[in-house]
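Undergrad: The chain contents come next:
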Amino acid sequence: MSGITLKEHGLTFVWACLKEYLGASWPFALIFAVGIAAAILLPHIRRKKEAELEIVDAKEYVPGTYEDSPGPDASSAAWMFLSIVIFCALTVMNPFLVRILIPRLGMTTVYYRFFWILPITFGAAAWLTRAVGSLRKKAIQAILFALICAGLAFLIPLNPGLKNLRIPTNVYKTDGAVPVLCDSIHKDYEQTAAYQKAVDKLSRTTDRSSKKWLKRKAKEYPLCVFPYGIEFAVRQYDPTIRLLFNRNLRLFYEGNTSTGIAYNQKHKRYMRRKHILDAMYGRDPELTEEAFKKAMKKTKTQYLIVEEQLANGGFLVRAGCTQVGVTAGYTIFRYDQNL
Amino acid sequence: MTVLLLSAAALVVQLFLFLCVGSIVMKIRGRQAYALSQAALTGYFVWFGLFEVICLICEISLLPLRTLSLIMAAAAGAAILLGLFAGYRSWIEAMNSLRYRLSLHGITFVFLMLALAASVAFVILYSDASADSGWYVGEASTALATNTIGRFDPSTGTATFRFQARYALNCFPYHNAVICSLLRGLPVIVQARSVMSAINMIMSFLAVYALGLSLFPDEEEKRAKIRSIRNRPGSYSRRRADLFVMMVFVINLLSSTIYMPGIFLYMRSYEGKALIVNVVIPAVLAVGVRMWHEMEEDPMRNLFWIMAAAVCFSASSIMALLLSLMIVLPLIAVRGKWNRLIPLICACSPVLAWGIVYYMIQHGMIVLRTWR
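Listed in order, the protein sequences are those of chains F and U. Counted from 1, the first sequence has number 312 at position 312 by the working numbering; the numbering is strictly sequential. Counted from 1, the second sequence has number 215 at position 215 by the working numbering; the numbering is strictly sequential.
Worth double-checking, as some hints may not be accurate.
Just so you have them, the derived chain U footprint on chain F, three or more residues with Cβ under 8 Å [claimed, not checked]:
id : region
1  : 21 to 31
2  : 117 to 129
3  : 301 to 308
Derived EDC-like pairs (lysine to aspartate or glutamate); straight-line CA-CA distance at most 20 Å [claimed, not checked]:
id : chain 1 : residue 1 : chain 2 : residue 2
4  : F       : LYS294    : F       : GLU307
5  : F       : LYS215    : F       : GLU254
6  : F       : LYS137    : U       : ASP298
7  : F       : LYS138    : U       : ASP298
8  : F       : LYS197    : F       : GLU220
9  : F       : LYS298    : F       : GLU308
Derived from the structure by calculation, the hints contain no laboratory data. All C-beta atoms, glycine included, are put in the ideal place defined by N, C-alpha and C.
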């Protein structure tokens, strides 16, 4: 989980992760715990009262009301929830075991998934349902339900997804620039010698299960660098565009360390890519044209797409890029690998 | 317009397919009267369990996606024909008794349907350009564009020479590629992020509803001293389950951190791990509660298919395995039902098998190459 490491937290790692997992939604965990306690304890308290004999008029007798019922009650579900909590506490949420187990499983950054096993959402919902359902009158049930919803909404912030809803402008639900940019790049790339060469080579490879075919198939598509805002949407819409940055490299460059992977100057693969992005946005004044060209050659990058107002156009053109066009607020640069 | 029509067709066909598969399962189990929603949920698990096996074989054999699509088309065609044959009487019966069964629900059912409609509309409209969506949707779009299964890196498009155990063994994304390969003209991005998201949302509601029915069985009402004479058999359970689904809906709306199930349900419903937390886990809990209530007729068979589908969805299927063990082992120990141990191992076998293969790949005991 972001910012929480075993090294830093040690034995408090699980507790720190649980707090991060629940955030402001902690009342659900409280309801879950209180519900379990109540469902287990209440039947015991009630049974003592019921021990006294009652005299019932035969006319008022309703079959099944006074017999010992073998049917299930709330306590069996509560016992099940409790057994899950105890098992978790002893195993995957045991602070001592977690220190050894989680790094070995490589799950430090995705430890939150173990909290899915704790049925907090479903348990809390079950106890709230029981509370509302225990009332006799429907109108009072409705009022209590509304009060619970209002109370929870007052205490807990809304799901961030609901706040981020934006009505999409196209059926693909992507930035409208993505289809336009992809089309422009293909149109330009298909006129280049690199494309003709790649297609020609691929047509000569008939064995689709060979390594050669895999390599040549990939080279049929242009290798590009897109702005961060649309980078991850590109290959969802158009998989015939290759991207220079993989997920982890790009996230790290943009300052996101949630993957748990870090790169430094020793990682040549990362540094070359960093040089390219630094040049695109003019982020490193010490970057030379030679270093940029070297990075472009080594990575075999063919297209750079930059926001029109942020593009470090002068540097890119001087370093050998050709401006292909300005489309949908983005500038497309082509780098000829034969230079 | 064509894309919208194809999307609607994909939605209807897939839901109908799940219903047909579920009806075949019900017929095999000798059940005549069942709810169509229950059959659809069962069919959803069985279909993805079968898909996982077939897709994995095709993937490792380096067969093209088109071949997998043709196999799945044949399987779907056969399932629909058999489902129609096996289930039409039950469907007619279910439709004839629809008014009666609706009368067993309260007014909460109307709100539940509104909540479902709003949730489906939300995931259809919600757009997400996160790194994870790039990976999972990219996996399907790359498969379709290159006519291969898992042989290219979805985030970059470069060739990979070894299958990655973390992703290659869970074939859910390729199902979207198969659907788009069969329904030509339907873009993967639409199928994955709109059509499948809507189906997943419906299945999540059905799984939570099934959990509600398990948590509030009709038998429970017999314990109550005061009962409403208006309540008919099945009414108590349904009314409580409706309310339970509404409560889960409210809690999901108030999931305030990016780790909670509600976030995965509304923002990442196209991802396999969202299905683990919002469909598989409630389904496992439903089976577990019925086992604790000693009401489940065939818990291990249900658990087996849930596990098989979980493997298809995501590597997080390990959570479903852990949860199953945490539910069933104490039950076995406390009630002394040791004869349930072997069926439990059999039910968990899909995840156990996946775990063994995953471990072997990660430790270099097996090398799965993407080329020959």
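Undergrad: Under a C-beta cut-off of less than 8 Å, do 3 or more residues of the region 301 to 308 of chain F approach chain U closely enough to confirm the stated coverage?
TA: violated (count 0)
Undergrad: Are LYS137 of chain F and ASP298 of chain U close enough, with their CA atoms no more than 20 Å apart?
TA: 37 Å, violated
Undergrad: LYS138 of chain F and ASP298 of chain U: Cα distance at most 20 Å?
TA: Given pair LYS138 of chain F, ASP298 of chain U is violated - Cα atoms ~35 Å apart, limit 20 Å.
Undergrad: For the pair we were handed, LYS197 of chain F and GLU220 of chain F, check the Cα-Cα distance against 20 Å.
TA: 9 Å, holds
Undergrad: Are there three or more residues in the region 21 to 31 of chain F whose C-beta lies closer than 8 Å to some C-beta of chain U?
TA: As far as the region 21 to 31 of chain F goes, the hint holds, because 6 residues have Cβ atoms under 8 Å from chain U.
Undergrad: Holds or violated: are the alpha carbons of LYS294 of chain F and GLU307 of chain F at most 20 Å from each other?
TA: 23 Å, violated
Undergrad: Just to be careful, I want the Cα atoms of LYS215 of chain F and GLU254 of chain F compared with a cutoff of 20 Å; is the pair within it?
TA: 29 Å, violated
Undergrad: Test coverage of the region 117 to 129 of chain F by chain U using CB-CB distances below 8 Å; three residues minimum.
TA: holds (count 9)
Undergrad: Holds or violated: LYS298 of chain F and GLU308 of chain F, Cα atoms, limit 20 Å.
TA: 26 Å, violated
Comparing the model with each numbered hint stated earlier shows that hints 3, 4, 5, 6, 7, 9 do not hold.
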